[in-house]
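Since chain A is already given, all that's left is putting chain B on it; use the hints.
As you go down the protein sequences, you meet chains A and B in turn.
So the first sequence is residues 577 to 1086, counted in the numbering used here.
So the second sequence is residues -9 to 342, counted in the numbering used here.
Because the hints were derived from the structure by calculation, they are not lab data.
Some clues are possibly wrong.
Said to hold, decoys possible - Once the Cα atoms are required to be at most 25 Å apart in a straight line, the calculated SDA-like pairs of lysine to any residue come out as:
1) Lys826(A) - Lys942(A)
2) Lys21(B) - Tyr1005(A)
3) Lys988(A) - Lys16(B)
4) Lys16(B) - Ser984(A)
5) Lys21(B) - Leu1004(A)
Here's the letter readout for the chains.
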Amino acid sequence: MATLEQRENPLVEGLERLPVHPTTLVIFGGTGDLAKRKLLPAIYNLAHEGALPERFNLIAVSRADIPHDDYRDMARDSIKQHSRREPDDQVLDRLLERMRYVPGTFDADSVYEQLDKQAAEFDEEAGIPFNRVFYLSTSPAFFALIIKKLGEHRLDCHEGSDVRVVIEKPIGTTLAEALALNREVLSVLDESQVFRIDHYLGKETVQNMLAFRFANGMFEPVWSRNFIDYVQITAAEDLGIGTRAGYYDKAGALRDLVQNHMLQLLTLLCMEPPVTFSADDVRDEKVKVLHAIHAPEPDRVPEMAVRAQYSAGMGEGKEVVGYLEEDGVAEDSNTETYAALRLEVDNWRWAGVPIYLRTGKRLARKVTEIAVALKPVPHLAFEQAGSVGVQPNQIVMTMQPNEGVSLSLGAKIPGSRMRIRPVNMEFLYGTAFMSQSPEAYERLLLDTMRGDATLFTRDDEVEAQWRIIDPILEAWSRIPGSLPQYRAGSDGPQEADALVVDSHHRWRAI
Amino acid sequence: MPDEGIWSAQATTPSDIEEALRELLKQQHAKSEAYVPARVLNMVAVVDRDWRGEIYNRLEGVGRYHASRTILCAVEPGRETIDAWVTVSAETDPRPGELSLTHERVVLDIGPRHLKALDSIVDPLVVTDLATLCWAPHGHAEAIDALLRISQVVLVDSINEPDPRAAVRRAHQLVQEAYVVDLAWLRSTPWRERIASTFDPPQWREELGRLKAVSVRHRPDSGIAGVLFFGWLSAGLGWQPGSLVQRNGELFGRASARRGDVELLLQPNEKQNAPGLSGITVETASGMTISLERGTGGLTAHRRTRDGTESSWTVLGASRGEAGILGEGIRQALLRDPTYGPALECAEAMLA
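One chain only, chain A, in its complex shape (with noise of 0.2 Å):
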């Protein structure tokens, strides 16, 4: 008979925080925007609600030679700024007693010295080994030494407990640059010590695609090529670049968004239903779809993709300049800022389904959604005349900003004729549950305390992901000139409208 140690904890059950297990957390670049504006105030809201573990502690690494009450002032400046709730001040101050501040570059070896002291302290003070989780939240070009020097200081496991390592996006700017570095973590760490962060997959409409699909008979009899027409997904930003000219005129769109946040609503929408929702039996599938898109040939980019850079309009209201035009953008930038592409994932399901992806700034409207469009009924009875006719049905998820799932359905004008257009049933998240949503780094973070890797993204899965998209970025180099223009406010460049294969397909309107 298996002792208690050994079984389930009893007292579990029913409980809607499970335990999660002491840990120190470390947050690599504590002093910089991320942790600021997302991390801190997140760690404060898990505090705030009784999520953390019941026994928790922070150190924060960053460059600036201040000491701990300097970066505890900082800290409670961030939180009480950015928390999504006005803070508790008693909880507010027990959380930040147990908080540790660690100054120095990456590649010293006193800040992991002081690091493996201060940890140790924790362990010692509590009689029990802390899980350790260490968040690199710094330049991707950090990652890798800061895992080297973790290794080299064998903070890379403890005895007793768990060792874990956040990567926050981008890994790589390229395929090579993301096989490179997932082969210099793994010199170190094991597969699952990592979680690579994609703060899209903790957004509650993103996982309720999930219980969409796979929580309703009615929808899995049409998800396929049977009955589905094609896939539209979109992430739309009304805004420009702002201060961030320095990090998007290297990135642009196909790798901000395309890359990793756009790919990964493919494969929820896309994947076959896990086995079960353990995190390795999810990402399988999740990686089998994208296996099944083929990496466009250097020559074929040109019908599968398009690129475009937004000019001078009308933004917010008021008028706006152009990409070339803002500041720390060079005048000769080719740096897409709209990026469109046809893909097609290739397996039983899906064959033939043309799956249209675009992002860009400075469209229309702020908008993200996965419009998947059904085949048109195959015969009418119905006049056309009079009305806008019957159209295909649509199944519209959206993200942001009125989160919900929305169906189209052909119905009758009322009146003495049968005439038919179309109308909405709309499923609003908003209106359906009382809660508010966390954010979605304080899910990430509680399921990081937690060991659950569901929602991060595996290094197959990051690989293949940049199997497809470096080929197009491969093209785009090789294409000298300036770039399609879309003007600021618009729906995105005509050049987009090449892609569509059907006479009958259309982009929705942003």
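Frame of chain A; chain B shown alone:
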């Protein structure tokens, strides 16, 4: 100020009220398509007329956990007719491209004679296909019995019953007919989570089989919350609960576990202001003691191991306050906690 639609009538009927609700929703939608009615939960509260304002304010204080449609039935002695006030209000003004949720509130002044068939008054007023939660904080068991015909969930607060035995008996009776959300149980949630968490690391889990004594401190009127906590431990760990008996103003008892008896002690704490528990101490046969007390910024935890090593820490978490507990009760109406029923059964055995 967000837009609000209002209607009222004296000596009215359920069908007139229902028509008014429909008309107000239409008007609201005509003002702006961005107004969208929340469609999560109906809530029916039955209260004494004198306390109508107080309960109304408590329900307003639950923030985002507002039921989509709240029907507040205020019982006024001697009243023969129904007066009604209906409001449809938005949380915020609609902003471009965004939706603004609306909620409906119906306040009914009714008389005691209406209670026996309250379901026939309320039924036309609830949103079809949404779960309906009913709550009678001032008694009115007769009204709850009638509402059970149209409700799926009953909200109770067992600490409101002066006699814990009667509280457990009533909750047990309701559990047979509906899903019960007990605020006394919800007040102990952070304590249950923390005890489960304390013994979760594999090196401590074995100690769960060696518990020797558990004492729970509580506000004097909240003993039932402590008994439910004992019930939870008993059901989870497979203990056979024995009766609790009075001893020097405290309740004392034993539960039979596989390795021997576990002593159980309930101690009233006069200094505790908020309803619910104020502290828990767990001792194991191997000499480990864990205690949790209310503290600033969370629960103060203290552990002494068999070799005498002591350690203290704060388990972080903000107090939810009574408004937060009520909000949590409303939220829980849409979930299902499988552990309350078994805990209640064990509690009933302890109070037998």
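Going down the list of hints, with the structure as the test:
1. A hinted pair counts as satisfied when its Cα atoms are at most 25 Å apart, and Lys826(A) with Lys942(A) qualifies at roughly 23 Å.
2. Simply put, Lys21(B) and Tyr1005(A) have alpha-carbon atoms about 22 Å apart, close enough for the 25 Å limit, and the pair holds.
3. Under the criterion of a C-alpha separation no larger than 25 Å, the hint pairing Lys988(A) with Lys16(B) is consistent with the structure, at around 21 Å.
4. With a CA separation close to 22 Å, the supplied pair Lys16(B) and Ser984(A) stays within the 25 Å bound.
5. Between Lys21(B) and Leu1004(A) the CA atoms are separated by roughly 20 Å; this keeps the pair inside 25 Å, and the hint holds.
Checked against the numbered hints above, the structure breaks none of them.
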